[in-house]
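One line per chain: the protein sequences are H and U, in this order. Numbering of the first sequence is given in our numbering, commencing with residue 1 and proceeding in unit increments. Numbering of the second sequence is given in our numbering, commencing with residue 391 and proceeding in unit increments.
Bear in mind the hints are in silico, worked out from the structure with no lab data behind them. Heads up, some of the hints might be wrong.
25 Å max Cα-Cα, derived DSS-like pairs, lysine-lysine [to be verified]:
1) H:71 to U:591
2) H:71 to H:341
3) H:73 to H:341
4) H:269 to H:196
5) H:294 to H:311
6) H:341 to H:311
7) H:73 to U:591
8) H:184 to H:196
9) U:549 to H:341
10) U:437 to H:311
11) H:341 to H:196
12) U:437 to H:341
13) H:294 to H:189
Here is what each chain is made of, one letter per residue.
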Amino acid sequence: MTAVTDRQKLQYIAAKAADSRVNVELETEGMTLNIGPQHPATHGTLRIVARLDGEQVVSAEPIAGYMHRGKEKLCEVRTYPQINTLINRIDWLGSFANEVPFILAAEQLMGIEAPPRAQWIRTMFFEMSRISNLILFLGDMGVQLGAVTPAFYAFRDREFVLNQIERVTGGRFHPNFDRIGGLKDDLPKGWIVDTKAVMERVRDFCDEIEELFMNAEIFSARTRGIGVIPADVAMQYGLSGANARASGIDWDLRRDAPSGLVHPELDWKVWTHPDGDSFARFWVRLQEVREASKMVDQICDGLPSGPIMAKVPRIIKVPAGEAWVSTENPLGEMGYYIVSKGDLTPFRLKIRSASFNNVSITPWLLRGVYVPDIITILASLYFILGDIDR
Amino acid sequence: MADDTTTAPEATEEEPVETDEAREQLLASFTEALGDSLVDSHILPGKDLWVRVSTEAWGEAAEVARDRLRARYFCFLSAIDWMPSPFGRSMDSEVDRIVSGDAAQAAEAAAMEQGVAGGETRFQVFARVAHVGEPGNFWGVTLKADVPEDTLAVPTWTKVYAGADWHEREAWEMFGISFTGHPGLRHIYLPGDFEGNPLRKDFPLLSRMVKPWPGIVDVEQFPDEGDDAEGEGSADSEGDAS
Chain H
1 MTAVTDRQKL QYIAAKAADS RVNVELETEG MTLNIGPQHP ATHGTLRIVA RLDGEQVVSA
61 EPIAGYMHRG KEKLCEVRTY PQINTLINRI DWLGSFANEV PFILAAEQLM GIEAPPRAQW
121 IRTMFFEMSR ISNLILFLGD MGVQLGAVTP AFYAFRDREF VLNQIERVTG GRFHPNFDRI
181 GGLKDDLPKG WIVDTKAVME RVRDFCDEIE ELFMNAEIFS ARTRGIGVIP ADVAMQYGLS
241 GANARASGID WDLRRDAPSG LVHPELDWKV WTHPDGDSFA RFWVRLQEVR EASKMVDQIC
301 DGLPSGPIMA KVPRIIKVPA GEAWVSTENP LGEMGYYIVS KGDLTPFRLK IRSASFNNVS
361 ITPWLLRGVY VPDIITILAS LYFILGDIDR
Chain U
391 MADDTTTAPE ATEEEPVETD EAREQLLASF TEALGDSLVD SHILPGKDLW VRVSTEAWGE
451 AAEVARDRLR ARYFCFLSAI DWMPSPFGRS MDSEVDRIVS GDAAQAAEAA AMEQGVAGGE
511 TRFQVFARVA HVGEPGNFWG VTLKADVPED TLAVPTWTKV YAGADWHERE AWEMFGISFT
571 GHPGLRHIYL PGDFEGNPLR KDFPLLSRMV KPWPGIVDVE QFPDEGDDAE GEGSADSEGD
631 AS
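Kindly produce the complete structure, drawing on both the sequences and the hints.
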């Protein structure tokens, strides 16, 4: 009896061992993990197809296009003021910033310059859209790593910024406020005082976030040294904005090519970080929100008086020519290449959006990382789907 | 007004109204490195530089820009279809009525005219690279090249700038231009079985074919605004002229 049991036991153990051998062999065959298109870490419909070997990524391929709207084609059959509405929907978290380079490019071709007050207010909204955009990133980064608290803080404080934008433009997400030659409207009464109070709140929020994240061991463990991008690779792939600065590239279009905005007249600093990892990208953006809030404060104090609209023909026809203008948007360098033939509509409008380049690095960057780090890296690269798919 | 953006292809460094020494120097080093392959160029003083190279030198131009001129930052790569649209602007006005008429005739009537730095072919590729990371010394350059009509192919940039991968895939599916040496030209935005190249001018925008956009009405002149709109004639006369 006992002998049989022993034999059965031995057989059982042998079968188990054989099973596990098979399992081991199966595991080395690898598997394909499909992340998205509907996944909370992708902020929209980006799909990542990752080939895994155990917990490690062998190759990863981002698949875009689930939200492609063909803006470049649509812009060819729209007048310049109509395009302004359309391009608001590219980076929908910082909409005003989308309008600025386009308007500047059209103004460059038309030979118009906005009056000083319009330029100052433009710069202010430009920075406010950066704040409203990056606040969400700071909160969202926590969510991706499993901490829910920062997201609530982020949504709470972004609301104040959006309210200020809404009071002037009438739109919370899509202001559609910039015009060729100036702005749609002037600021309402009492707005400046309230804005300065909101900027105070934004800085408090930054302190809160800093306290929550910088001392958190888990956050450090999950972001430090994860997804390191050397400066050289970042430039080759065309990474811009905070992603480039986090790799130690000292480059900011607001300082280096301040086309039509008043950034050179303000007192602020370009922050860089030498590490190039996910932590650095988070840290640089945190500093950028602070700098932006300081800039808005300074603009509130130094706002010149005067008209907000230059003399512009009612029928906007842009003279024939080509112009390229790019600005430092919340997500990175955003630019428009306008080819005009002197018509009401552009002949060709190339939209260079930051996220498209920022995400194109992922096949290189995700090779060899572990599965949970995919989410960290994607979150820290920070993209908006409308900015990839256009 | 607005004459500072001259588009005459031949108006290059010979007749500088304003001088831009930094960009002149840049152009000189391009000329030195590329020799006869540099076909044409244009400088907009204080703003921008365009360089057009021959098709064969398209790949070499990238290497020159990256290695000799240290423009290590890849901004974008795309293409232009210079053929005038056979469908007009798809707006509801006199110039756009050709939508319903004979489209081919209209396309023939309007001559193809390439933009800054000239060109000979219907398709052109253009790309922008920049030198970044040195505060106080930031510059960018737009490079252009013709795409031969028979092969519709230019050398790839992916070996020089890795980031060109996605941009070339986009240009391939939107314009039907192929890039020889590209590691995998496949659809990036459009579904795999999509037919046609949407950004070509002869690809109709279906929604506009069905119903013209009444946008032209919005920019009609108000009756009481005679000479107020400076430098602009009435909407009708300009519409006819173009």
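Could you tell me which of the numbered hints above are not met by this structure, giving the numbers in increasing order? Violated hints (numbers, rising): 5, 9 and 11; every other hint is consistent with the structure.
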